[in-house]
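A.B. asks: If you want the building blocks of each chain, they are given just below.
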Amino acid sequence: MPKRWAEPEADRAFLCGVQVSGTARGAVRVETGGLMTGCKSIHIHADQEGPATPTSVPFSPLAKNRWPALSCARPRDPVPIRKRRVFSVTPDDIELFAKKTIETFYFWTGVLMWLIHAGFMVYEAGVTRRKNVLMTMMKNLLTCAVVTPSFFLFGWWIYYAFPHGILPISNALTAAALPWSAHMGPNLQDNITGVFWFAFLLFSFTTASIMSGAVIERIQLGAYLFLAMVLGSVVWILAAAWGWSDTAWLYTKFGFHDWGAGGCVHTVAAAFTFGVLLNLGARIGKYNDRGDPQVILPHNLPLTMLGLMLIFTGFYAFYAACAVFQTTGPWMSIYLTPMTLSSLAFTVTMGFSGGAMGAFIASRGEPYWTISGGLAGMISIASGLDVYHPGLGYLIGFAGGMIAVRFGNFLERRGIDDAVGAIAVHGGAGLWSMLAMGLFASGYPQHDLKTSLGGQLLGMLIMVALGFVPGYLLSLILKLTNRLRVSCEDELKGLDIAELGIEGVVPAGELSLAND
Amino acid sequence: MNSSPFRLWEEFASGGAGAIYTFFGTPWIVKGICLLVFALIVWFLLSAYRFEGRGRT
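Residue numbers (our numbering), protein chains in the order written: chain A, 1 to 516; chain B, 517 to 573.
These are calculated hints, taken from the structure and not from any lab test. For glycine and all other residues, C-beta sits at the position ideal for the given N, C-alpha and C. Possibly wrong hints are sitting among the right ones.
Below, a sample of chain A positions facing chain B; criterion: calculated Cβ distance under 10 Å [to be verified]:
no., residue
1, ARG364
2, HIS389
3, PHE398
With the rest of the complex left out, here is chain B (with noise of 0.2 Å):
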């Protein structure tokens, strides 16, 4: 998946355009993966809960 917010090298290396990272040019992206990073946080503190007291059983 081309994620990468530059075409050619030049831009790349003159560090003038700031932002490098994945998906920068298509902030959709970046907003469906922070979505879906607070998804998963949510399944882990459910699962904490799931997993609480197999001591017991």
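This is chain A alone, in the form it adopts within the complex (with noise of 0.2 Å):
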């Protein structure tokens, strides 16, 4: 193997993105321009005594010896630079070093957000009764197998065409997005489109799942699934395209800022169950005679804690996954604004906090709504936690706590059975987050325009009616087709044996007697 980085004469030496440092009988630098701005040239300083002079050296990947010139005019130190050289690394290398540096981030944050999807069937099979539990997991499982292929096919294609509205455009990223492109596949010049993708596909099972706790117990394997290809294959990467990046028509014309998807993820996944529940309608024995509200207990409240211990953990990586990384300047948003990273663990964690607090005062201590809040909480500083102070961000995950709690109550009195109180977490810390952004953060420069309370309100209704219309048409046409819903007397007997012929939960003492 040769050796990359330093020659034996260097005491230290370093990549760290596009810089190498190194030591040799004095500092030697060596700085190239990185990914970002192109491999042009390699400049040398030496910082020792006495004047120095920089020297440029023009890049060629061609030439025999790439150290071809290298040379510092220092008349104290006559020996040619090139007799102490330190470095064999080309600005090739460091670019390549820094691709890879960046398709393993991604990799990676997707890998993490995972966690969401195993967190999401483990809390909606504590939630869910006895008897449904493995309809109920199977369908999370399911969910991520059925967004995968169709995002592949026509989602991805979607976000890179409708930035201006309902007319799609057609360029090179377009192009590129189609899944029989070059990009779209093992490609040794492109090894970031596939990560990126995955991201992408990654909040698109988030999207997905969002809706899968609020309708258990009744819908149908096939028309869940299908709505659920649609929220998370057209419906939430069409609203990402209108606002969740820098050609966004939202984003350029009104200065909609949403950073972690609040809008685009959260609410319209929200929107859309809400169309879909009130055509599906509650769970036999929800409500009385009179309507009035009734207790259905989860089976198992400490396994819908862990589930959302793990969505809590997978968050982290989706917000990671919502950065940009490039290998020179800072962190950028989507809308390619300066971020940290940083921020992310101040202000989501105090999000979290927050909302995990404020939902437990205004629940009274409630063990389901309170672990509910603290996803509320995290939820609510999602707009705007690339600028909040992470004081700010407490408030606005307490506020968005007791807004979850709030908002899910007055849901289950008007007859809307939210099985999880996904409406209620998603959908009212979504849109508190954007309303929040635009109360609490206005006045950020983004490039032409400035983040602004109308354009926030303008987009909390665009998030609405894109999740709303889908989902309440499409279920409609499901119910009177008869393929939405259940018949009651497989609701009634639980949809593990009625649709899977297995019992998928047998308490401790039948197992025993069924063993013998």
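Join these two chains into a complex; the hints should help.
C.D. replies: Following this line, the structure appears as structure tokens:
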């Protein structure tokens, strides 16, 4: 193996993004333009005493010797720098390393985001009654399965094709996003598209999974998977094209700012779910003859709480994947405004804390709402977490936790049977997230525009409409064709037995007898 | 509420200013936020005592 980074005389050498530093008889620093600005030349500075003249050496990858003319015009040091060369690294190597660093970052954020789906699975399994556990978990699993190929076929293309509204555009980016393009597969010249696609795919899983918990115990599997595919591969990504990129019309025309997708993921999914629930109706036994809501107890609340802890963990990766990693300059938001990854560490955690505390107080210590409040807090800070002071993030999360509890109880009293409180947590906190950004973080420059309350209000309206209309209409069509809800007999029997023919969870005593 | 410490895109994008968080230019508001956070922690702790023992009643 050739030594890539340092010759023996170097005291130290390290690579950090695009900059290599080393010491050999004095400091020698090698800098390149890096990935974002292009690797055009190498600049050498000698930092010893006395005047030093920086030398710029044109880089030629075809040159036989890649360090052909490195010299430093130093009158007191006539030794040609070529003889005390310290690095054999080339700008090509540095650029490739930078690309691989970006590739690795997004790859692992995607992998860690799977925790969200492990979390959704056990969260919903805990909430559902024992007779529906296995079917609920199957639904979560198949959400990921059905969204993946559909997002590959058309979801990724939608993101690039609709930045200006309902009419698609056509350019090099849309061509590259087509499933048969050279970029949509292993490509030695492009190792970034795949991991970006992967991160967005996991966002799609999350969006579709938000609906899954609300409709448990009575929706037909086929109907659910069809709606999940539409939500995960069409609706949310269209919302992202409109409001979650630096070319999105909500951003370029109105300064809409939704850093962590509180609108295009959480609000859109909740509005879509609301439309579906209007047609699906409540579970049998949820309301008595007078229309008063009845408590349907979770069969395993500890499992539900574990699920939410997994979701919390995965959400750090979700937010990290929302940041734009570049090898020169600061981290960027998806709108290409500067930020730091530290803002996630501060504000997401403070938002969680505030949300859990706020929900604890609002629900008078009810365990289910307390932990759901933690998630509501993490969502509440989504739109502006790149600029919030951590204390402000806590306050916004606290209010978000309270809003989720109040909104959830309000919906329940109005006859909306949302089995897991998804509309309250994701919709209530998602809307609050966009509003809070306008209330508390207006005036931030965003290229030609500034963040504003008006821009945020418009974004809220668009996100709700974009989610609700397709959710309501598609579920209405399914309802009219008798393809939305299972029969009363199957619902009472439980979907594990009715649809799968097996019992998902057998109590310990019965299991022992069966084994005997 | 205008809470940005920057007026111009060039100032914001340069990164030279360091802190970019809300109300950085008005420290008394940041201190007020911190005070409010402390008050909510106290409220939470008192609530935790108040909600205890509901199963016994």
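A.B. asks: Each of the hints needs a verdict: does it hold here or not?
C.D. replies: Results of checking the hints against the structure:
no.	hint	in the structure
1	ARG364	6 Å, holds
2	HIS389	4 Å, holds
3	PHE398	6 Å, holds
Consistency with the previously given hints is maintained throughout, with no hint failing.
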